[in-house]
Amino acid sequence: MSKLTEVYDTVVVGAGPSGLQTARLMAEKGRRVLVLEKKESVGHDIVCTGIIGKSVFQEFDLPRTSLVRDIQAVDLVSPLGTIIPYSHSAPFASVVDRSLFDRNIAALVEKAGGRICCGFEVNDLVAHPNRMDILCRDDKGETWTFRSRAAVIATGVNSVLKKKLKLGASKEYVNAVQTVAGNTGIGRTTVYFGNRVAPGAFAWAVPAGDITRIGLFTNKESKTYFDRFLMKHFPDAASNGARAKTRYKAI
2 MSKLTEVYDT VVVGAGPSGL QTARLMAEKG RRVLVLEKKE SVGHDIVCTG IIGKSVFQEF
62 DLPRTSLVRD IQAVDLVSPL GTIIPYSHSA PFASVVDRSL FDRNIAALVE KAGGRICCGF
122 EVNDLVAHPN RMDILCRDDK GETWTFRSRA AVIATGVNSV LKKKLKLGAS KEYVNAVQTV
182 AGNTGIGRTT VYFGNRVAPG AFAWAVPAGD ITRIGLFTNK ESKTYFDRFL MKHFPDAASN
242 GARAKTRYKA I
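Mapping of the sequence shown onto our numbering: residues 2 to 252, in sequence order.
There's no promise every hint is true.
[Claimed, not checked] Subject to a maximum C-alpha distance of 25 Å in a straight line, what follows is the list of computed DSS-like cross-link-like pairs (lysine-lysine):
no.	residue 1	residue 2
1	LYS167	LYS39
2	LYS224	LYS40
3	LYS141	LYS40
4	LYS221	LYS163
5	LYS172	LYS39
6	LYS172	LYS221
7	LYS141	LYS221
8	LYS39	LYS141
9	LYS233	LYS30
10	LYS39	LYS233
11	LYS221	LYS164
12	LYS40	LYS112
13	LYS164	LYS40
14	LYS39	LYS112
15	LYS221	LYS233
16	LYS224	LYS172
17	LYS112	LYS30
18	LYS233	LYS40
19	LYS39	LYS165
[Said to hold, decoys possible] Now the in silico label distances, taken between C-beta atoms and shown as ranges:
no.	residue 1	residue 2	range
20	GLU7	ALA108	20 to 26 Å
21	ASN184	ALA128	50 to 56 Å
22	LEU26	VAL181	30 to 36 Å
23	ASP139	LYS163	21 to 27 Å
Just so you know, these hints were derived from the structure itself, not from any lab. Even for Gly, the Cβ is constructed at its ideal location relative to N, Cα and C.
When you get a sec, could you build the whole thing from the sequences and use the hints?
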């Protein structure tokens, strides 16, 4: 039997930055807001370079505790292997701990009175004339029904809910893959281009404190390209078990 809970003004499905910031803004306006996240915790198992615009912290009034370092220069590697260095007069981007970045926004949601429930996978949204029923299952297998006046789908390319509501599906997406390695000797953010590296997109190596985030986007099957990229540019990381820490995701 499904458990029926209290009624909210808005239920946000997905606890990424977009969903959390939406929930924060609504909660700060006094709305009763619930965020449902299928992962076990906010910021868990993320595939992301952690690079954001320098203005994000100020523009959205976010804590800077997730900041790892600023970026003022990058190396661009052409398809032929030519390194093109680029330096700006001032830092133009920041590298953050994405997990902490997300958790910081989640804390602001809760501070404003919003509620976040992790381990809840939403299976369906049912629209009624004056409410939405949000049907989900928790990590113990129990079913729940949350009711709200409105619902926000912030699940990225996960199109199951959008299809059920006839909102259409994502027509295009890329496959992302990333691993975390120790000190690779990379001094600054490096971006690699070329169809032999990452067809339709690019690869990266981003120093972040005492680790390096190595990954790529592609509109092709990502594993083959990533394995080849890792072996060519970071063979020590490949041999030291970086593949075991690899995460894949469609975005």
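query: Can you name, in rising order, the numbers of the hints this structure does not satisfy?
result: Failing hints, ascending: 7, 9, 10 and 18.
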